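Q: Spelled out, the chains give:
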Amino acid sequence: MRFDVVIVGAGIVGCAIARELTRYRLDVALIERECEVGLGTSKANSGIIHGGHRAADGTAKGATEYRGNLLWDELAHDLPFGFQRIGDLTVAFDDDDERHLSELLDQGRRRGVTGLELWDSERLRREEPNLSHDIRSALHAPTSGVVNPYEACFALAESAVRNGLTLLLEHTVVGIERGESGFTVRTDRGSLEARFVINAAGVHGDAVARLVGAEEAGLRFRKGEEYLLDKRLVGFVTRVVFPCPSPTSKGILVIPTYDGTLMVGPTATPSDADDVTTTAQGAQAVFEGARRLVPGISEEDCIAEFAGVRAVAADEDFAIHSTAVPGFVNVIGIQSPGLTAAPAIALDVVELLRSEGLSLELDDAFIPGIDAPILFAQLEPEEQARVVRGDPRFGRIACRCEIVTEGEVLHAIERGARTMDGIKFRTRAGMGRCQGGFCAWRCMRLLADTLDIDISEVTKRGGRSWIATPRLEVEHA
Amino acid sequence: MPELQPRHLQRRYDVVVVGGGPAGLAAALGAREQGAEGVLIVDRESEPGGILQQCIHHGFGLHHFKEELTGPAYAERYLGQVLEHDVDILTDAYVLDVDPSRRVGLLSSRHGRTEVDAGAVVLAMGARERTRQAIRIPGTRPAGIMTAGFAQKLVNMAGYLPGRRVAILGSGDIGLIMARRLVLEGAEVVGVFELMPHANGLTRNVVQCLHDFGIPLHLSTTVVHIHGDERIEKVTVAPVDESFTPRMDQAWDVDCDTLLVSIGLIPDNELARTLGVRLDPVTTGPVVTSSMETSRDGVFACGNTVHIHDLVDWVSQESQLAGGAAGGYATGRHRRADNVRLLPGSNVRSCIPHTITTEREHTIFLRVTKSLAPCTLRLGEVYERPLRYVVPGEMVTLKVRPRFLQGFHGGNLRVDVVAREEAAA
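Chains as they are written, first to last, in the numbering used here: chain A, 1099 to 1575; chain B, 320 to 744.
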């Protein structure tokens, strides 16, 4: 099939671009090697929508951070995913830190970031009593927010598909050739023709550019480990807390996630592209760093950990540009604040394609919204009663830690979940204290029944990530 | 006529029991025996019996029924009695909340979102397994890492194997039982790795499940790294020193496609927490009186939701008592307050119940922190008894009779388990 645009990589950037393009009368395909969208770097990050004052002037990061930040309101209005502007604090322990705060404040004001304010220790104590008393002052950015990044990817992809996107999951791009009239994108499961190709392949960005002989970004990789804490600490800190940064990272943060649970991290250590291991050293660094900000945090409270890999371009900036291969566009090296910037990046890429000769005609049939999933636990009792009367599947609990009903799990499958992780990240089933001990079997059965597959074909995350295997055939004498 | 799925829920029950496992079944029985009229058990599974249903091995009921039963057979016996006693059992249902006036918020596919009032509530939710996350093993997060109890469900309830080549971290009873089960099912169990210098499960399980099947038990050894992208491929294990620090120079790799985690159980107390019941920081279960009443009036608790038991027989005994007290409470017969507070002392990790009286006979359950043999159990200055041995993996039960406490008129009573020589000194 021939497409106007083929996007390689369905992370937050690929999904945002795909949805933006479906506003126009275009045939667009989005190719993803994993079995679900958003399960690479996009899933494993801090979920912060940065205030807009942080990335340096004169960089692509600086140019997209605040614009991206402002665009999240519209996205969250149209699409059902968790997003809330809870604000952030950058804290100062000494004179150097305080100088940094005033530079940040100046930069933010130049950029027009609203609401920035320096807080003295007394104000800080009042607003966030559990922060370290060694903190002298802080810069408060009310524009900052938190988002469930995987929910945002799912919603963007679902919206794009609803508006005509061809989403090809579990397709790995193995070759890209530039011909007379466009590209042939070869995957392990067939080929696509395309006028334009957008490389949003995350940590594989250089490898995809290499396939067609386009410029690479000299990607290196930096792993970040994050640790999720028990619900006991919900409300312990109510804003994202940043230390003053080092040259390579924003440091160890304390993050109240959208769901309220605290997360601490990330580390920033050089790694391979696919190294998502957590380490004892990483855990130590994270908890030491977190305790410097919030002394009441303890390793004992950890209920889950994960790691993600940032793709870092040689110049540390985003690499968003046309390449020497006409029609092939790089959108790579998207590290922090890439999640924040993603909606702005999507708009910039559309303009880039327009300037490259893609004619853009708005499609009147574009529907911005998708149906919001039912979040049973958040409904009032009367509302819950009504939902169960309408559909008894909502009367059965699948996940008891997070109170997720079978109805919600089945809806998630109807909307595209194909794996246990797909269910988990759409419904929260399995994210709580017991980490799936109770709900995993129920979810496996629902997946197998709905998709008409055997239990042994249910996977955690596609590929060889099977969970159960048939009993051995025993030969009887 | 008793109904295993009541068509109509009553507006009010004397006693509502949360959980239909061994604790809940015995509590319901106890409540009826002590005069409660309407008793309702709410269970989230489609069949009552709780975790017993997946415990198809034998070894249940030696104390209580004086014979060796399988888990489902033990549950069946109790269920039969419960049904004879006219108890309503609502399965496929979930208790969402209980308010201070003991209005119980229910969710079931049959009755929807509804509420019933309870004269007394018994919390009998059991326990959940500690997961890999509780001990933060470094490495990747592939498929194939699961709790022993989940593997037990896969094998015994669903007829699948969790994998073909299995390593087991921790020597809790479920892990030991599963080691044997998996070998019987044709899988290979490459070893059990236990951080502590002693096994965590019952000695009889170490012998019957590991030794008899030639499965190696590596004490003072733990998993230090997990390898594999999609499915687990191997683990790195290492011996630990006295302070539990892995000695990486002596680490080795073990190929496996599955890692079972059997590192203990934690009381399932979400509901107790939302009720604001006082919790014991050591057991993490509710603080309870000799009637198994929590710090909330009319809210009782029993079984693994209070503290982790080794044997279901003790769960039944404790729960029958709790249910009886709940039945008494609901029908207006309040027990006299306890006058003795038991304080865990030397080598005592926990002691349940937290308070007793000098007037009645009580069974108290102790957990020790380290092995001792021979040793002496002491209740303050008032009573002592010799014990052949104590190990952390086995609960110590002690029947405290009023005459033991003669001359003691209430107050704090320290519970110590000390080496025999020390006791003599």
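One should not assume that every hint holds.
[Claimed, not checked] Computed from the model, here is a short list of chain B residues facing chain A with C-beta under 10 Å: (1) 545; (2) 589; (3) 674.
[Unchecked claim] Over the 12 Å line for every Cβ pair with chain B, so calculated as not near, a few chain A residues: (4) 1259; (5) 1419; (6) 1422; (7) 1450; (8) 1461; (9) 1491; (10) 1552.
If you are wondering where the hints come from, they were derived from the structure by calculation, not from laboratory data. From a predicted model like this one, the values you see are computed outputs, not experimental measurements. All C-beta atoms in this analysis are idealised placements derived from N, C-alpha and C, irrespective of residue type, glycine included.
Q: Determine for every hint whether it applies to the structure shown.
A: The hints, checked one at a time:
1. The beta carbon of residue 545 of chain B is positioned within 10 Å of a beta carbon in chain A (closest approach about 8 Å), and the interface hint is therefore held.
2. Interface hint at residue 589 of chain B: satisfied, since its Cβ lies 7 Å from the closest Cβ of chain A, which is below the 10 Å cut-off.
3. Because the smallest distance between the Cβ of residue 674 of chain B and any Cβ of chain A comes to about 26 Å, over 10 Å, the interface hint for this residue is violated.
4. Every beta carbon of chain B lies more than 12 Å from that of residue 1259 of chain A, the smallest distance being close to 26 Å; the non-interface claim holds.
5. Distance check on residue 1419 of chain A: its Cβ is at least 32 Å (rounded) from any Cβ of chain B, clearing the 12 Å threshold; non-interface status holds.
6. A cut-off of 12 Å between C-beta atoms confirms that residue 1422 of chain A is not in contact with chain B; the least separation is 34 Å.
7. Look at residue 1450 of chain A: its CB is around 34 Å from the nearest CB on chain B, clear of 12 Å, so calling it non-interface holds up.
8. No Cβ of chain B approaches the Cβ of residue 1461 of chain A within 12 Å, the least distance being about 39 Å, so the stated non-interface status holds.
9. The beta carbon of residue 1491 of chain A sits about 7 Å from the closest Cβ of chain B, which is not more than 12 Å, so the claim that it is off the interface is violated.
10. With a cut of 12 Å on Cβ distances, residue 1552 of chain A falls inside the contact zone with chain B, its closest approach being about 9 Å.
Taken one by one, the earlier hints fail for this structure at numbers 3, 9 and 10, listed in ascending order.
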